[in-house]
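> The lines below spell out each chain.
There are 4 protein chains.
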Amino acid sequence: MNHSAPTQNGLQSCIEACSHCHQVCLQTAMNHCLEAGGKHVEAEHFRLMMNCAEICQTSANFQLSNSKFHQRVCEVCAEICEACAANCEKIGGMDECVKACRACAESCRQMASMKS
Amino acid sequence: MNHSAPTQNGLQSCIEACSHCHQVCLQTAMNHCLEAGGKHVEAEHFRLMMNCAEICQTSANFQLSNSKFHQRVCEVCAEICEACAANCEKIGGMDECVKACRACAESCRQMASMKS
Amino acid sequence: MNHSAPTQNGLQSCIEACSHCHQVCLQTAMNHCLEAGGKHVEAEHFRLMMNCAEICQTSANFQLSNSKFHQRVCEVCAEICEACAANCEKIGGMDECVKACRACAESCRQMASMKS
Amino acid sequence: MNHSAPTQNGLQSCIEACSHCHQVCLQTAMNHCLEAGGKHVEAEHFRLMMNCAEICQTSANFQLSNSKFHQRVCEVCAEICEACAANCEKIGGMDECVKACRACAESCRQMASMKS
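Here the protein sequences line up with chains A, B, C and D, keeping their order.
Residue numbers in the first sequence follow the working numbering, run continuously in steps of one, and reach 119 at the last position.
Residue numbers in the second sequence follow the working numbering, run continuously in steps of one, and reach 119 at the last position.
Residue numbers in the third sequence follow the working numbering, run continuously in steps of one, and reach 119 at the last position.
Residue numbers in the fourth sequence follow the working numbering, run continuously in steps of one, and reach 119 at the last position.
Keep in mind the hints are simulated off the structure, nothing from the lab.
Since this is a predicted model, take the numbers as computed values, not measurements.
Among these hints, one or two may not hold up.
[Stated by the list, open to error] Taking lysine-lysine pairs in the DSSO-like style, the calculated list, with each CA pair at most 27 Å apart, reads:
{"hint": "1", "chain 1": "B", "residue 1": "LYS71", "chain 2": "D", "residue 2": "LYS71"}
{"hint": "2", "chain 1": "A", "residue 1": "LYS71", "chain 2": "C", "residue 2": "LYS42"}
{"hint": "3", "chain 1": "A", "residue 1": "LYS71", "chain 2": "C", "residue 2": "LYS71"}
{"hint": "4", "chain 1": "A", "residue 1": "LYS118", "chain 2": "A", "residue 2": "LYS71"}
{"hint": "5", "chain 1": "B", "residue 1": "LYS42", "chain 2": "C", "residue 2": "LYS71"}
{"hint": "6", "chain 1": "B", "residue 1": "LYS93", "chain 2": "D", "residue 2": "LYS71"}
{"hint": "7", "chain 1": "D", "residue 1": "LYS71", "chain 2": "A", "residue 2": "LYS42"}
{"hint": "8", "chain 1": "B", "residue 1": "LYS42", "chain 2": "B", "residue 2": "LYS93"}
{"hint": "9", "chain 1": "A", "residue 1": "LYS42", "chain 2": "B", "residue 2": "LYS93"}
{"hint": "10", "chain 1": "B", "residue 1": "LYS42", "chain 2": "B", "residue 2": "LYS102"}
{"hint": "11", "chain 1": "D", "residue 1": "LYS71", "chain 2": "B", "residue 2": "LYS102"}
{"hint": "12", "chain 1": "C", "residue 1": "LYS42", "chain 2": "C", "residue 2": "LYS102"}
{"hint": "13", "chain 1": "C", "residue 1": "LYS71", "chain 2": "C", "residue 2": "LYS118"}
{"hint": "14", "chain 1": "B", "residue 1": "LYS42", "chain 2": "A", "residue 2": "LYS42"}
{"hint": "15", "chain 1": "A", "residue 1": "LYS102", "chain 2": "A", "residue 2": "LYS42"}
{"hint": "16", "chain 1": "C", "residue 1": "LYS42", "chain 2": "C", "residue 2": "LYS118"}
{"hint": "17", "chain 1": "D", "residue 1": "LYS93", "chain 2": "D", "residue 2": "LYS42"}
{"hint": "18", "chain 1": "A", "residue 1": "LYS93", "chain 2": "A", "residue 2": "LYS42"}
{"hint": "19", "chain 1": "D", "residue 1": "LYS71", "chain 2": "D", "residue 2": "LYS118"}
{"hint": "20", "chain 1": "A", "residue 1": "LYS71", "chain 2": "C", "residue 2": "LYS93"}
{"hint": "21", "chain 1": "A", "residue 1": "LYS71", "chain 2": "C", "residue 2": "LYS102"}
{"hint": "22", "chain 1": "B", "residue 1": "LYS71", "chain 2": "D", "residue 2": "LYS42"}
{"hint": "23", "chain 1": "D", "residue 1": "LYS102", "chain 2": "D", "residue 2": "LYS42"}
{"hint": "24", "chain 1": "A", "residue 1": "LYS42", "chain 2": "C", "residue 2": "LYS42"}
Take these sequences, add in the hints, and give me the full structure.
Right under this line is the structure:
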């Protein structure tokens, strides 16, 4: 864990992780999940997918705009990504989504723990 | 149909129509539709609900920011709202959504047809 | 402060507060601030206005979609609204924005403190 | 110009162009423009930057969710990207933004002209 000030590189890589996770969650929910049906459209799962997509978008936007509050948003984003990854793993068949959520959670946690 | 320049009142009322339609579509999709299941979570319907919610949000934001392009976005918003209203009517049980979509479509069409 | 489960009324009123604050911040930034210039377009102030508009939108969307994480987003939203209100007050001439931010912060704090 | 049905490759590359243009416009506006001041924070320019960032985000989201209306949104997105590129070129010093807007406009025009 790095407690130094966020470097430009760290910021850009967290923006990419958030943007990628946003894309994978939204695309998976609106294609794979809606077409598969069953457990994939149960309220808890589908909400998590859409909420994860949205908080990742917001987290990326806060970092892109150099917000003083980007670490607070990253912290919440990491929690939601972890919950989404665990839920996708339980249902199965969404490995790319699990991977994107875990990578984004890890990147956001690092960002949140840096000294601002 | 009013072809004069958009008045502040016309703008504010279209912003309210878009904001209300965004709220009703998102809330209906993520609660009523996910809980009812069946036809309510079929891909075509659910996509329309989410797309309608998003374009209404974007249309409101373009008007709030006084964009030169707000009429172009209103035009597309009106089309999507009409399609969403028709689809909700066919499935049934979503009267508030039908009403919000129709009102937003009408308001956006008026906005799109005004001389800028 | 109410520590009971969020009522439908409490939720709807917090959604309205977030939606109103989103609208006022975005409209003020993109019209009043850009036209006034000077302190109104200094980076710290303008970022706060845009960040406040975005987190309010996200907070409203989380509540509309009945997310398990809406209280976490409300908590961050309240902090940003308070910072935006204080900053607008210091610069002056944005009383409607100060009022909308304070009302949203108060509503989000109540929502965040409810037992889920 | 390709008039065949959109391939998965074409879709993914247009999503990437929209996502990249969203990031570059938002980051440039909220950092370079706010810090440079002067012409960079004049209402017309700053609005175009923020509107371009938002329509690119919406266009990417419509394509990610496989919306029937993604071509209509791409069409509007292409117009706004062209306007933003021209405006950035006139002011100067924003070459990366000009390039991202032109690439996104071209990709969105191709997407809009495909048979659905």
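> Would you mind marking each hint as holding or not holding in the structure?
Against the structure, the hints come out as follows:
| no. | hint | result |
| --- | --- | --- |
| 1 | B:LYS71 x D:LYS71 | 26 Å, holds |
| 2 | A:LYS71 x C:LYS42 | 18 Å, holds |
| 3 | A:LYS71 x C:LYS71 | 26 Å, holds |
| 4 | A:LYS118 x A:LYS71 | 12 Å, holds |
| 5 | B:LYS42 x C:LYS71 | 25 Å, holds |
| 6 | B:LYS93 x D:LYS71 | 18 Å, holds |
| 7 | D:LYS71 x A:LYS42 | 25 Å, holds |
| 8 | B:LYS42 x B:LYS93 | 10 Å, holds |
| 9 | A:LYS42 x B:LYS93 | 25 Å, holds |
| 10 | B:LYS42 x B:LYS102 | 20 Å, holds |
| 11 | D:LYS71 x B:LYS102 | 22 Å, holds |
| 12 | C:LYS42 x C:LYS102 | 20 Å, holds |
| 13 | C:LYS71 x C:LYS118 | 12 Å, holds |
| 14 | B:LYS42 x A:LYS42 | 15 Å, holds |
| 15 | A:LYS102 x A:LYS42 | 20 Å, holds |
| 16 | C:LYS42 x C:LYS118 | 41 Å, violated |
| 17 | D:LYS93 x D:LYS42 | 10 Å, holds |
| 18 | A:LYS93 x A:LYS42 | 10 Å, holds |
| 19 | D:LYS71 x D:LYS118 | 12 Å, holds |
| 20 | A:LYS71 x C:LYS93 | 18 Å, holds |
| 21 | A:LYS71 x C:LYS102 | 22 Å, holds |
| 22 | B:LYS71 x D:LYS42 | 18 Å, holds |
| 23 | D:LYS102 x D:LYS42 | 20 Å, holds |
| 24 | A:LYS42 x C:LYS42 | 53 Å, violated |
Of the hints listed earlier, those the structure fails to meet are numbers 16 and 24, in rising order.
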